[in-house]
Amino acid sequence: MAQPTTDTSAEDALVNAARAGDRSAFGLLYDRYARMVHGILLCRVPPREVDDLVQEVFLLALRKLDSLRDISRFGAWLSTITRNRANDYFRRSDSLDRAMDPEAEELAESRTNDHVVEQEAAMTLAVLRTLPETYREPLTLRLVEGMTGPEIAMRIGLTHGSVRVNLHRGMQMLREKLAERVQGNLPEKTLGAE
Amino acid sequence: MKDDYLWDGSGEPDPEVQKLENLLGRYRHDQPAPAFDQLSEERPAPRWGFASFRFSFQIAAVAAVLLIGVAAFLIIRARLASNAGPAWEIARIEGAPRVGWHSLSANSETAKLKVGQTLVTDNTSRASITLDETGRIEVDAASRLRVVASRPGHERLSLERGTIHATIWAPPGEFVVDTPSAVAVDLGCVYTLHVDDSGAGLLRTTMGWVGFKLNGRESFIPAGAVCATRPKIGPGTPYLEDAPTSFRDALTKFDFAKITPQERNVLLGILLVDARKEDALTLWHLLSRVSDTDRPGVYDRLAALAPPPKDVTREGVLRLDQKMLDSWWNSLGYGDVYLWHMYERTWSEK
Numbered sequence: 001m002a003q004p005t006t007d008t009s010a011e012d013a014l015v016n017a018a019r020a021g022d023r024s025a026f027g028l029l030y031d032r033y034a035r036m037v038h039g040i041l042l043c044r045v046p047p048r049e050v051d052d053l054v055q056e057v058f059l060l061a062l063r064k065l066d067s068l069r070d071i072s073r074f075g076a077w078l079s080t081i082t083r084n085r086a087n088d089y090f091r092r093s094d095s096l097d098r099a100m101d102p103e104a105e106e107l108a109e110s111r112t113n114d115h116v117v118e119q120e121a122a123m124t125l126a127v128l129r130t131l132p133e134t135y136r137e138p139l140t141l142r143l144v145e146g147m148t149g150p151e152i153a154m155r156i157g158l159t160h161g162s163v164r165v166n167l168h169r170g171m172q173m174l175r176e177k178l179a180e181r182v183q184g185n186l187p188e189k190t191l192g193a194e
Numbered sequence: 001m002k003d004d005y006l007w008d009g010s011g012e013p014d015p016e017v018q019k020l021e022n023l024l025g026r027y028r029h030d031q032p033a034p035a036f037d038q039l040s041e042e043r044p045a046p047r048w049g050f051a052s053f054r055f056s057f058q059i060a061a062v063a064a065v066l067l068i069g070v071a072a073f074l075i076i077r078a079r080l081a082s083n084a085g086p087a088w089e090i091a092r093i094e095g096a097p098r099v100g101w102h103s104l105s106a107n108s109e110t111a112k113l114k115v116g117q118t119l120v121t122d123n124t125s126r127a128s129i130t131l132d133e134t135g136r137i138e139v140d141a142a143s144r145l146r147v148v149a150s151r152p153g154h155e156r157l158s159l160e161r162g163t164i165h166a167t168i169w170a171p172p173g174e175f176v177v178d179t180p181s182a183v184a185v186d187l188g189c190v191y192t193l194h195v196d197d198s199g200a201g202l203l204r205t206t207m208g209w210v211g212f213k214l215n216g217r218e219s220f221i222p223a224g225a226v227c228a229t230r231p232k233i234g235p236g237t238p239y240l241e242d243a244p245t246s247f248r249d250a251l252t253k254f255d256f257a258k259i260t261p262q263e264r265n266v267l268l269g270i271l272l273v274d275a276r277k278e279d280a281l282t283l284w285h286l287l288s289r290v291s292d293t294d295r296p297g298v299y300d301r302l303a304a305l306a307p308p309p310k311d312v313t314r315e316g317v318l319r320l321d322q323k324m325l326d327s328w329w330n331s332l333g334y335g336d337v338y339l340w341h342m343y344e345r346t347w348s349e350k
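Chains as they are written, first to last, in the numbering used here: chain A, 1 to 194; chain B, 1 to 350.
Hint data in this document are derived by calculation from the structure and do not stem from the laboratory. C-beta atoms are modelled at their ideal positions from N, C-alpha and C, and glycine is treated no differently. Take these hints with a grain of salt, some might be off.
As the list claims (entries may be wrong) - Anything over 10 angstroms on all C-beta distances counts as not near chain B; from chain A, calculated: (1) GLU11; (2) ALA13; (3) THR130.
Stated by the list, open to error - Listed below are the simulated EDC-like cross-link pairs for lysine to aspartate or glutamate, each with C-alpha atoms no more than 20 angstroms apart in a straight line: (4) A:LYS177 / B:GLU16; (5) B:LYS277 / B:ASP326; (6) A:LYS64 / B:ASP37; (7) B:LYS277 / B:GLU241; (8) B:LYS213 / B:GLU160; (9) A:LYS177 / A:GLU120; (10) B:LYS19 / B:ASP3; (11) B:LYS253 / B:ASP274; (12) B:LYS310 / B:ASP300; (13) B:LYS19 / A:GLU120; (14) A:LYS64 / A:ASP88; (15) A:LYS177 / B:GLU278; (16) B:LYS310 / B:ASP3; (17) A:LYS177 / B:ASP14; (18) B:LYS277 / A:GLU133; (19) B:LYS232 / B:GLU218; (20) B:LYS232 / B:ASP197; (21) B:LYS213 / B:ASP196; (22) B:LYS114 / B:GLU133; (23) A:LYS177 / B:ASP3; (24) A:LYS64 / B:ASP132; (25) B:LYS277 / B:ASP249; (26) B:LYS323 / A:ASP70; (27) B:LYS19 / A:GLU180; (28) B:LYS19 / A:GLU118; (29) B:LYS112 / B:GLU89; (30) B:LYS232 / B:GLU160; (31) B:LYS19 / A:GLU176; (32) A:LYS177 / B:GLU21; (33) A:LYS64 / A:ASP22; (34) B:LYS232 / B:ASP178; (35) A:LYS64 / B:GLU133; (36) B:LYS277 / A:GLU176; (37) B:LYS323 / B:GLU218.
As the list claims (entries may be wrong) - Partial selection, computed: residues in chain B whose CB lies under 7 angstroms from chain A: (38) ASP3; (39) ASP8; (40) LEU20.
Here chain A stands alone, though its shape is the one from the complex (with noise of 0.2 angstroms):
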């Protein structure tokens, strides 16, 4: 079966050193796994916030690094504390209007842009947060982090199984969406052009 695959000697190591103390180690982890957690922020806050939540997430990692219990589990634990803390975005900023309606911000932001190719990307990302979050999450690293499935299977902690699986459904669900897009209220040339 296709289980995760991951060069487990070598993560085990950095974290085992991040725990340690090892500031560059945890950096490296920083490396691997910024685009798992900006992803998973992205389908959840608003773009404008991401980049500064992806460094609290790392920060609240960095002081949390002893309550993971088993090491080779971090990707997971590191995506659940991500998850929580876009949670915890709402709740803190009071802002469920706006989690209840992603598109309505996105469409929002997007009105001060001029462009079309930039318009088009705000409403596809828009639709793309509508899904239900177990397709929006992998879809969102596969196309707006560019991160190949076997890559997100390995750092979310799932099998490559219900990695393939979720992407296909979502994306058939993507599809579907923007073409109910394409018929509906927005002007075609919006959705066709590149």
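Given chain A's structure and the hints, the job is docking chain B onto it.
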């Protein structure tokens, strides 16, 4: 395979996926790593620097012994006197919630909730408790909430009666709530937990997911799902809040009612027929709760609603192969079950 390009970028490029990559790539992460090295320099470990002192070795040794003795005395006394550990900050929302003999009646009044203490709200009062590193909990009227343990990385409360709304930002597995009929373990979430006077409970998850366990019976409750518990039985089978009434009624009887095997078969039949695609969550739990005879029927229905990943076989599921069950769960997309396995052994059931 058709999806090879989507999967790992290999094979014939899918123009639609390529277009989306180009379009959305502008949001890609591009920030360099923060200066973690400098961070460590900004927060150096305390150093005593004995070498810089010119005390004799004997004086230094005596001073150290005295210092350790005084510190130990202070720590022991503090623990005995005030249940050392992080304390939850209580804030009154309405009415006059109380801790022991102390009532909070003014809006601005706050108090601490420490290990062993119980926060009590009557029919007209509500309160919230907050711990910076862990989360915030709103305590509804007519509730009793006790702090069982409180130390860095481990917070444990006991909801004896009433309702709490928990928003937890601590890492998964660090926040646990005992109830008379199950133990709730936060796996990164926002949830509401209710316990009635008989000890029966109901957990409703709003974000993330929660693990619920008693006597080896465990349930995972993702966002949008609900799970009931009963004393001496433990957690029932979770279901989505919008599941059809017939489905929910059948599930409640299936989980908790004293029924004959024939009635049980009828109820299982209703569950399998009425299950929607979204109810895969419930059917997955039923796999390990039905008899060997009934399991193939549950498998077939679940496989029709949510096809298993390639690494999951019918034969493996029918013999309850844990890895296959885990893999199927993960494919449902509610959360990584490995997190649960990672943390479930770090706390004990009641």
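Broken hints, by number: none
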